[in-house]
Amino acid sequence: MGALIYLDNAATTLRKPPEVKRAVMWAMEHCANPGRGGHRAAELAQEQVYRTRTRAAHFFDTKPEQVCFTMNATHGLNIAIRSLVGPGDRVVISGLEHNAVTRPLHAIGAQISVVKAPLFDAGAWAEAFRAALKPGTKAVVVNHVSNVFGCVLPLAQIARMCREANVPLIVDASQSAGILPISMTELGAAFLAAPGHKGLMGPQGTGLLLCGMEAQPLLYGGTGSMSESQRMPDFLPDRLEAGTLNVPGLCGLGAAFQHLAALPPHSTAARERELVRGLAARLEAVGAKVFSGPGQAGVLSFLLPQLDCEEAAQMLSQRGIALRAGLHCAPLAHQTGNTLKTGTIRASLSSYTTKQELDAFIHAVAELTG
Amino acid sequence: MYEIYLTLRSVTVAQRARDVCNRVGIRCVMQRSPRALATNGCAYALRLRLADARQAQMMLEREGIPVKGIYQKKPSGEFVPWAP
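If you're matching them up, the sequences are chains A and B in order.
To convert, note that position 310 of the first sequence is 630 in this note's numbering; the numbers rise steadily by one, no gaps.
To convert, note that position 71 of the second sequence is 72 in this note's numbering; the numbers rise steadily by one, no gaps.
Simulated from the structure, these hints should not be mistaken for laboratory data.
Warning: the hint list may mix true and false statements.
[What the hints assert, rightly or not] Short, incomplete list of chain B residues facing chain A, as computed with Cβ under 8 Å: (1) Thr8; (2) Val12; (3) Gln16; (4) Arg17; (5) Asn23; (6) Arg28; (7) Pro35; (8) Arg36; (9) Gln56; (10) Gln58; (11) Trp83; (12) Pro85.
Computed from a prediction, not measured in an experiment: that's the story for all the values here.
Note that the Cβ used here is the ideal one computed from N, Cα and C, for glycine as well.
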């Protein structure tokens, strides 16, 4: 078996820019706890964290204080949802939302209104959201790019509708951050949650919550500020950053932002779109049922005839292809796509995915469908 | 001698304030706020020269950076509130 062909980047990007690993290793040898002690190792940690925060702010067109570090996107989404939604509140969500959105809403006891539309019809999604935005809506939650099907929702239009209706918008940018352009200033969103370890190419254990409005802490504890008070600080980012941050991870994320900022604008998105388009056609040619459409991002679900999705993924794994099968922690998306019963096999690309890897992948699939 | 202390509520605010000062050529040192000045607990301070205090105050106000207090450290070690 040759080298691993990794096509599970929607779960996490395995191959990172080399400077990310170097930054993590450097931090583990030099950085103490930021915002606590006044010594050199604490100062180094402070500066690195601040550097990452300002790079993130620049990348997403917002202010550094509005960038709050989280463990992952799920953590950020929980903060955002719990800041806005109470029991019985009406919340509009897309039919593509991940359990990171639906589970907190269920736990709170929100009244959930699910918007559905043909997967790859952005216009239909926009109209469906318009119809769903009724008076009394407490919040809207939108998955920018589906982690199951790769369809891209018309975020700018939905954001405008929310602004016009004065309804706070929460964006799940788990599959779009680092790939599609995002401006917090233009969106005017209440919150945007992103993982550091997928399209942003940082280490696992990092994430961002960009805050356009006041947030309620999920965790209470030490912040290195106003410590005589028994209340969490009423200012960001401290309000949402209790406890020790993942400093090595954030150093790596800072290096990742620097890497991303140096890439030609939109290059990753354009490349992934082109690769996915070609991949979809080739999978269909070898007998797969493929879920694809216009404007699709680098995530592609498919099914193989006569093969259970998990078994197929296992067989492909034995051939050196890393994919994810099943429901992808997004049963709602599978309901919307009519794949709840079967699940799907998902291939997801990154900027490091090569055409040769995709050739080998197709070859392996053809062996199964042969 | 950096005898002026601007106290700020958090490390992030202090870092922003430092960057603003540096941008206009005001030399300053960021450090944890002396305990005597840290009302409400832990805070950070920017230390700078008396001659730069007024300009720093104006710049930070213009940038919307909240300053908790401005103090001058006397030769005796005592901190007294400073005003332009």
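Hints, one by one, checked against the model:
1. Thr8: violated (11 Å)
2. Val12: At about 4 Å, which falls below the 8 Å cut-off, the nearest Cβ of chain A leaves the hint on valine 12/B intact, so it holds.
3. Gln16: Given a least distance of 5 Å, the restraint on glutamine 16/B holds.
4. Arg17: Constraint on arginine 17/B satisfied, holds at 7 Å.
5. Asn23: violated (13 Å)
6. Arg28: Check failed: Cβ of arginine 28/B comes no nearer than 17 Å to chain A, outside 8 Å.
7. Pro35: Violated: closest Cβ of chain A sits about 10 Å from proline 35/B, beyond 8 Å.
8. Arg36: violated (11 Å)
9. Gln56: Cβ of glutamine 56/B sits 23 Å from chain A, so the hint is violated.
10. Gln58: With a closest approach of 20 Å, the glutamine 58/B hint is violated.
11. Trp83: violated (22 Å)
12. Pro85: violated (26 Å)
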